[in-house]
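Chemist: If you're matching them up, the sequences are chains A and B in order.
Read in order, the letters of the first sequence are residues 1 to 584 in full-length UniProt numbering.
Read in order, the letters of the second sequence are residues 1 to 344 in full-length UniProt numbering.
Hints are not guaranteed to be accurate.
Claimed, not checked - Within a straight-line C-alpha distance of at most 25 Å, the following computed SDA-like cross-link-like pairs (lysine to any residue) qualify: (1) Lys530/A x Leu553/A; (2) Lys413/A x Ser136/B; (3) Lys446/A x Pro328/B; (4) Lys530/A x Phe466/A; (5) Lys413/A x Pro328/B; (6) Lys413/A x Leu322/B; (7) Lys413/A x Ala294/B.
Derived by calculation from the structure, the hints in this document are not laboratory data.
Given next are the chains, with one letter for each unit.
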Amino acid sequence: MAVLERLWRSLAAGTRPAGGVLPPTRKSQTRDLGIRTPPLPARVTLLLEDGRDQPWREVQPIVKPGQYVRAGERVARAVGHLALPVHASISGHVSALFMHDEADAGGQHRPAVVIDADGASQHHWLPPLDWQGAAPGEIIQRIADAGIAGMGGGGFPAHLKVRAARQAGIDTLVVNAAECEPYLSADDQTLRQHTDRVLLGAAMVAHATGASSIVIGIEDDKPEAASAVRARLGELPCPARLEVIPTRYPSGGERQLIERLLGRRLASDQLPVDAGVLCHNPGTLAAIHDAVALGKPMIERTLTLAGRALARPGNITARLGTAIEHLLQDAGLDRARLSRVIEGGPMMGQAIGSLDQPITQTTNGLIAADAAELPTPPPARPCIRCGDCQPACPAGLAPQQLWWHAQAGEDHKAEANGLFDCIECGACDYVCPSHLPLANGFGEAKQRLRTARAESDRADQARHRFEARQAREQREAAEREARRQARRQAATQRGQQRNASSAKDSSADAKGTASVVDVRGLRIAQAAAKAAARKAEKALERAAQQQQSADVLADLETQLDTARQHLDAADARLKAARQEETRP
Amino acid sequence: MSHLHRHTSADSARRGHDSATLMRRVTLACLPGLITQSWFFGLGVVTNVITAAACCVLIEAMMLVARRRPVSPTIADGSALLTGVLLGAALPAGTSLWLILIGSLAAVAVAKHLYGGLGQNLFNPAMVGYALLLVSFPTQMSLWPAPSGLFGPDAVEPSTWLARWLGQHPPAALDAMSGATPLDAYRHRPADASLAELVAPAALEAWRNVAVAWLAGGLYLLYRRLIDWRLPLSMLASMALLAWLFDQLSASGGVGFHLLGGAAMFGAFFIVTDPVSAASGRRARLAYGAGIGALTMIIRAYGGYPDAVAFAVLLMNLAAPLLDQLVPDRPSNARATRRHNDDG
């Protein structure tokens, strides 16, 4: 029986298939063409929001229209706790503080800093920092000041990741050079042309976080980049290892790569730092190097221009805020061939509506595709539960199950089946024989759940504020009562002094017994209130350490306030009862 | 959302298939089985398949019109055609038009469209049609003709097939045509008789060849990865195990007889593998297939019907959603890591 059971296990559950798919990589269009620098644009548009309503990403412009700015000068400051400062990417005059966006937001104005170039290429950088002598905090502050976001796709502020890694105490820095998206070769080129910048950036981050080793993960279709890195590994100040992994989409998913390289599997609610790992891509590390060693803020990035509608595809280093059209024109865009433009890779990227849009820090590629290379899929058919998506999923999920739940409006069931483990890589879309937009559907389901959670959080916060007010009123009432009690006692004492009669002894006795019980109850209540207040204090402290959002902190403060009011009220009542008790 | 798709990208290493191609290929994979079946059992198989396919497609079109859904793209997905072919293959050769029409109605109108159309059906449509006919018209459904061949001296006249197709049963022809299938013989075996005496060698031979032909089509499906290997494998394995066990208890034909003597191969590769009505998890699919194999053998050995693939499939269709819950594939990421952390 045991043999059967073992057979059953190895057949059925045993080793989880690695997941992933093998789409055509199509990197040969660009991978050996070096990195160009296109002519500077006449105007850049630095978007101050990404179209989603996210107060935690809010930035405020600190320049006025007409003002002259040099490249690298700060034009907007971070307000939200996940926001980054914005720097002018060219020198020139600020011409507007909004962008007229016709395609996306229905003709609305989006906040932006628009700079008309003066062609003078003036720049203003921060002072260089001697990173080996600098404290970790200084390096982290510099990364923050330079406004560097992760350039792999998520766009999460780099300094927050580094700071969290520092606080959690990590052992390994992973350089995510897998670049598994088809078409894209910007990281490949960055590693080949700027090996030093990337590796020095990695050394700086390792220094800032206290990581004791560096692991560089790279797919085996980039042998030149791998050998360039291997040749310089010895120069790193800490033990470093290069790991060449098989080409398989999406091996560059952060969680997938960490599991692949280090054998550490992350739970869905865990971040890499919880497993002692920090992950950055080569572009981000190069930018960190520039910010620290040269004082250069985030004003440009390397990206891939590909697609068969371009006469001169390749990798370019472009100033942030350059209009997509400017870059594509420079690469020889053939409008007659163009079917659509995709920002990012073909697996996870988004088709864009208007070429007027500027590139941002997270634009890792632009694909100007003709109709044959990325054909529009035929209309979706019903799911026939063929199960092809299951082995494709890198997170080991059952996409078709999630799809059924999400379609049925049962997002919570999808959540129970691991919806939040989904990295929206689109591997399931790639294999689905019914052309279902699975990954999009999962993204929407997650968004619905997050919105619902935010709403319930808001309701909780409102309730907490209400409770705080009630507690305050109770405390005030209790204190009034205590004062009244004190006055009454003083009056009684004066009365007793006046006529030393003990005629009311019996009634005073009865009252005394009652108040003893009363005092004991009140003492317990006071101790409980004290414990609650201490607990609330600790929760707030912990949240502050974890750098929770301002909203969360404010809510915890309200709860702490409530607890303190309750404690004060309990104190006042106890005091009053004690006075009552001591009354002869 | 991915802008690349396996079935549309021209330079993909292994081009995938979209659902219409999948249906078309499964239908093509029926050909060896259908041809062999016709070779042994005559024109009646051909009339069955053509009639059932036509009825199913027609009923699908009518249901789509009634449900105000686009007709041509859905017909083009080929799923109704496949249902018809499978139903036609399952019926005794030369089933009458009227029975086929009733079976197709049950399959496409009731089992498929009343449940919401492709992808939504709980039961395998072809098996619903077959099972309905089997319980409603037991006499007609047990009239499997003897394997007298498509051509040759014993072959049944086309005019007789036509008469049967129209639902007329000339008594003389009936006698000439009917023959016990190996499973009929097994069902009605006297307690002490061995199977070899009961079943005509010609019938055994014919059924064995048909089963091998269906197996060949099934292997093609496996080779093209159009079906999940877990489903046929687990069904055939559990059938083989039980057949061996029953044979040990009381001589009952043995493993080969049960795997090749009835609809086991046809069912394992063409019915059980219908993904819509099967369980969807990897482990759940193993349990699902094993359940069908076991139920088939139990009904064959102890039940009231000679063959039981259809009933076994329908019963396990019912259990499929539950199996997905009971035997999930693996602990989720979250649980796996937590346990690891607790240990350390």
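Chemist: Of the hints given before, which are not true for this structure?
Modeler: Hint check: 2, 7 fail, others pass.
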